Structure formats: structure tokens, C-alpha cells
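S.K.: Sequence:
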Amino acid sequence: MTLRSSTLSSALFALSLASSVAQEGFVDLTILANYAAQTVPSYITKNNTPGNNAITNSGATLGRILFYDKRLSRNDTVSCASCHKQSLAFGDTATASAGVSGTTGRHAMRLINARFATETRFFWDERATSLENQTSQPIQDHVEMGFSGTSGDPTFANLVTKLSAIDEYRVLFAMTFGDQVINETRIQRALGQFVRSIQSFDSKYDAGRALVNDNQPFPNFTASENAGKQLFLAPPGPGGGAGCAGCHRPPEFDIDPNSRNNGITTGFNGTDLTNTRAPSLRDLLGPGG
6 MTLRSSTLSS ALFALSLASS VAQEGFVDLT ILANYAAQTV PSYITKNNTP
56 GNNAITNSGA TLGRILFYDK RLSRNDTVSC ASCHKQSLAF GDTATASAGV
106 SGTTGRHAMR LINARFATET RFFWDERATS LENQTSQPIQ DHVEMGFSGT
156 SGDPTFANLV TKLSAIDEYR VLFAMTFGDQ VINETRIQRA LGQFVRSIQS
206 FDSKYDAGRA LVNDNQPFPN FTASENAGKQ LFLAPPGPGG GAGCAGCHRP
256 PEFDIDPNSR NNGITTGFNG TDLTNTRAPS LRDLLGPGG
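Residues 6 to 294 in our numbering are what the sequence shown lists, from first letter to last.
Please note that the accuracy of each hint is not assured.
[Claimed, not checked] In the DMTMM-like style, the derived pairs of lysine to aspartate or glutamate whose C-alpha atoms are separated by at most 20 Å in a straight line are:
| no. | residue 1 | residue 2 |
| --- | --- | --- |
| 1 | Lys75 | Asp158 |
| 2 | Lys167 | Asp184 |
| 3 | Lys51 | Glu124 |
| 4 | Lys209 | Asp219 |
| 5 | Lys75 | Glu173 |
| 6 | Lys51 | Asp211 |
| 7 | Lys75 | Glu189 |
| 8 | Lys90 | Asp207 |
| 9 | Lys167 | Glu189 |
| 10 | Lys167 | Asp74 |
| 11 | Lys75 | Asp33 |
| 12 | Lys90 | Asp74 |
| 13 | Lys75 | Asp172 |
| 14 | Lys167 | Asp81 |
| 15 | Lys75 | Asp97 |
| 16 | Lys90 | Asp146 |
| 17 | Lys51 | Asp219 |
| 18 | Lys75 | Asp146 |
| 19 | Lys167 | Asp146 |
| 20 | Lys51 | Asp207 |
| 21 | Lys51 | Asp261 |
[To be verified] Simulated DEER-style distance windows between Cβ atoms:
| no. | residue 1 | residue 2 | range |
| --- | --- | --- | --- |
| 22 | Asn80 | Asn220 | 49 to 57 Å |
| 23 | Pro240 | Val186 | 50 to 58 Å |
| 24 | Ser135 | Ile70 | 18 to 26 Å |
The set of hints was computed from the structure by calculation and includes no laboratory data.
These figures come from a predicted structure and were not determined experimentally.
Using N, Cα and C, we set each Cβ at its ideal position, and we do this for glycine too.
Using the sequences and the hints, build the whole thing.
M.R.: This is the structure we're talking about:
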């Protein structure tokens, strides 16, 4: 197989992991979406949901509303969804996103299937010890959403006061947590529930995986796609593959926490070349490429 055909086969396999993404919709509080009991394929076994923050319909609904609310930024111009765009697998095509005080320091990571990752630390540099811990850090960043308490910014306590003055939020927090108290922990838990509810298992890969195991040709794949799948799965060596699955492990295609640089990029120094997280490869490419 030539390098050109190998590259094409790998690209076709990557496209098979992409699924259609629903557009943003209106949240009807009288009929809550079924976040808590979404169907997950039987071959998906990972789940990093903590015991103290199981997904509930009310909690994920509250998290979704918080996620799209620009009032969580200092000047009401930026929401979580401003950088993590639903139409882009909850990521961004921009190299860096626009925050309330300039350009963010890193590219916005895709959030698809965060619940099904073995790696439980978040951000590219893995500084957040959990998804819940991660959710409030952008809000408290001077550049991103501006409740940093530095450089003249209001504090997170000011945000809590701001949200507590909104009748709808008092109702939502009471619906989720039993009373109207709003605090950082509850905001983190609601956002964590929503992010973990974002799942994608309707790709061409999933249709094939539901029929046979990974080591068999998928009947719904073309010959090139099956060749790309074999390249991805097989370890390097004579007659072997590219070894991609050694780090990006199917069927979740999450990153192995013990993965290391593949050695292709050398001669550079910097903090981002040491311990770097990677999102799932699912929805890496949109249905249209």
C-alpha cells in the first residue's frame, strides 16, 4: 500500500467516527430531556462519572442552561458555548477563541464523550483534577470569562450574587439540589452533568461495531475504510499498522493517560510538549469533512 493510499484510508476511517450533530434548541423546563438514561452501546464500558454527581435530568438541564448563558461572563458577552460550539463537536475551529479580555491561551478542546474517557484530568495541561474542577476555571479566568477577582475583575462570589438575583436560576437550583442556594460547587456539578451527557455513538463506525468486533472487517465499510481501520488498530512492525490504537484506544477512542509523544516532532522545547491531554477522536471530522 502506498503512502498516499494509506493516508487516504486513515482519513476515511477518521471520517467514519464522525456523526451528525444536532443544532442548539430551546430548553423546555416542563418536559425535561432524558439525559440520565441515554442509550450507550454495550461495547462502551468506560464511565468516569463520580459517585456524588450522577447525571440527572434536572441537573443536566441546569448545566445546559448555564453552559449557554453569557451572563456567566463579566460583561455578558461570552458563554461556555462561545468557545465550545455545539456544531463543532463542542469545540472550535479557531486556533484560539475570543474571551472577554482578548484571545485565549489555547485551542478549545472538543467535549464530546468526556464521560467515557479513562483520563479524568482536564485542560490540555491536565491541571484540573476532575471535570467538575475544570468547569469553573474558565469563568474565573481574566481573559476567558472574567470573574477572576484580579485586574479589576469581579470575583466568583460576585457571579453567585448575580445568578442568585435571577428568579429562574433560583427555581432551577431548587429543582436540582432541593433548595435555592447557589454556590460554586453546585455550578460545577450542574455543568459537569451536562458535559458528561454530551455523547456521540451514531457514527458509521458504531453501525459497523454493533455488527462485528474491531478485528473483523466491518460490513458497512468500504475496502479503503477497512484498510484504514486495520492501519489504525494494528501495532507497528513488518506487515503491521500505524499503531494509533496504542494511545487512542477503541471503541471510545480516548487517550491512554500513559501515552507519550510518538517522537515524530523533535527539536522543540516548551511546557506543551510534556504532559498533554487529548480529546476523543470521535467527531474529529464533521459529516461534510
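S.K.: If a hint holds in the structure, say so; if it doesn't, say that too.
M.R.: Against the structure, the hints:
1. Lys75 / Asp158: holds, 16 Å
2. Lys167 / Asp184: Holds, at about 17 Å.
3. Lys51 / Glu124: holds, 10 Å
4. Lys209 / Asp219: OK: Lys209 and Asp219 at ~13 Å, within 20 Å.
5. Lys75 / Glu173: holds, 15 Å
6. Lys51 / Asp211: holds, 16 Å
7. Lys75 / Glu189: Holds: Lys75 and Glu189 sit about 17 Å apart, inside 20 Å.
8. Lys90 / Asp207: OK: Lys90 and Asp207 at ~19 Å, within 20 Å.
9. Lys167 / Glu189: Holds, because 13 Å separates the two Cα atoms, which is no more than 20 Å.
10. Lys167 / Asp74: holds, 12 Å
11. Lys75 / Asp33: Judged against 20 Å, a Cα distance of about 19 Å means the pair holds.
12. Lys90 / Asp74: Holds - the C-alpha atoms of Asp74 and Lys90 are around 13 Å apart, at most 20 Å.
13. Lys75 / Asp172: holds, 17 Å
14. Lys167 / Asp81: The hint holds at about 11 Å.
15. Lys75 / Asp97: holds, 17 Å
16. Lys90 / Asp146: holds, 19 Å
17. Lys51 / Asp219: Holds. Lys51 to Asp219 sits at ~17 Å (cutoff 20 Å).
18. Lys75 / Asp146: Holds: Lys75 and Asp146 sit about 15 Å apart, inside 20 Å.
19. Lys167 / Asp146: Between Lys167 and Asp146 the Cα gap is close to 17 Å, so the pair holds against 20 Å.
20. Lys51 / Asp207: holds, 17 Å
21. Lys51 / Asp261: Distance ~12 Å between Lys51 and Asp261 Cα, so the pair holds.
22. Asn80 / Asn220: 49 to 57 Å: Since Asn80 and Asn220 have Cβ atoms about 53 Å apart, the given range 49 to 57 Å holds.
23. Pro240 / Val186: 50 to 58 Å: With Cβ atoms ~53 Å apart, the hint holds.
24. Ser135 / Ile70: 18 to 26 Å: holds, 22 Å
Going through the hint list in order, the structure satisfies each hint without exception.
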